[in-house]
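Enquirer: The primary structure of each chain is shown beneath.
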Amino acid sequence: DQQVKQNSPSLSVQEGRISILNCDYTNSMFDYFLWYKKYPAEGPTFLISISSIKDKNEDGRFTVFLNKSAKHLSLHIVPSQPGDSAVYFCAASGAGGTSYGKLTFGQGTILTVHP
Amino acid sequence: DGGITQSPKYLFRKEGQNVTLSCEQNLNHDAMYWYRQDPGQGLRLIYYSQIVNDFQKGDIAEGYSVSREKKESFPLTVTSAQKNPTAFYLCASSIRQLLAGRNEQFFGPGTRLTVL
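Going line by line, the protein sequences match chains A and B. Sequential numbering from 2 applies to the first sequence in the working numbering. Sequential numbering from 47 applies to the second sequence in the working numbering.
Accuracy of the hints is not assured; some may be wrong.
[Said to hold, decoys possible] Output of the computed footprint for chain A on chain B, the stretches with three or more beta carbons under 8 Å from beta carbons of chain A:
| no. | region |
| --- | --- |
| 1 | 87-96 |
| 2 | 153-159 |
[As the list claims (entries may be wrong)] Have a look at the derived ranges for each label pair, beta carbon to beta carbon:
| no. | chain 1 | residue 1 | chain 2 | residue 2 | range |
| --- | --- | --- | --- | --- | --- |
| 3 | A | ASN68 | B | GLU150 | 28 to 38 Å |
| 4 | A | LEU12 | B | PRO155 | 44 to 54 Å |
| 5 | B | THR125 | A | GLN82 | 41 to 51 Å |
Don't read these hints as lab results, they were simulated from the structure. Here a beta-carbon is modelled for each residue, glycine too, at the ideal position from N, C-alpha and C.
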């Protein structure tokens, strides 16, 4: 049962344009969402997060949008740079009991930014 | 420098052998996690520990074992019972999460295990 889904395995974007990565979730108990960036053979690094009490969070070129009614979040990167080329994972954290602290990850989207 | 170390970077073992992957952190985090990544898939949780001397099974714990005798260390043993052990293994840590809210996990560089 895939509770967090990234339906686009890959995305190709021109340098300077906007990259939009999407993520859907099914568990309504999730209350905190994170995006991680990962290069091959390395551990993921944290990018940006959003709490379920917000619908938008910005950090420099990165903005995450959350639509709770649609159980959908997206990561916008503007402007995209070649160094942004990596795999992007969304992750969700649930509320309640021993679920605290556990992250559920999507399958990842490979972003390629062309010069 | 605060961080998480995993060693070795690459590990080769013969089928049927147990192997232990190390994970050490000096971030003073209470919680530690082990994930597995396979090609085209996300990270799947194997085991996690919120405090010393306590740990819980994640989503794919079969064929794995862990211990948490020290706050800084959370070694993972891949046993011969694990049917498909070849994968990229990632260790992470975070503050202990007692309430809903921010839960940022910090990851180590990973260990690529290949079973021949």
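Enquirer: Three residues or more, CB to CB closer than 8 Å: is that satisfied between the region 153-159 of chain B and chain A?
Expert: holds (count 5)
Enquirer: Check, residue by residue, whether the region 87-96 of chain B contains three or more positions whose beta-carbon lies closer than 8 Å to a beta-carbon of chain A, and give the verdict.
Expert: Contact hint for the region 87-96 of chain B vs chain A: holds, 7 residues under 8 Å.
Enquirer: Does the beta carbon distance between THR125(B) and GLN82(A) stay inside 41 to 51 Å, or does it fall outside?
Expert: Given range 41 to 51 Å: holds, Cβ gap about 44 Å.
Enquirer: Has the hinted range 44 to 54 Å been met by the Cβ atoms of LEU12(A) and PRO155(B)?
Expert: 25 Å, violated
Enquirer: Is 28 to 38 Å a correct range for the gap between the Cβ atoms of ASN68(A) and GLU150(B)?
Expert: Given range 28 to 38 Å: violated, Cβ gap about 22 Å.
The structure fails to meet hints 3 and 4 from the earlier list, while all remaining hints are met.
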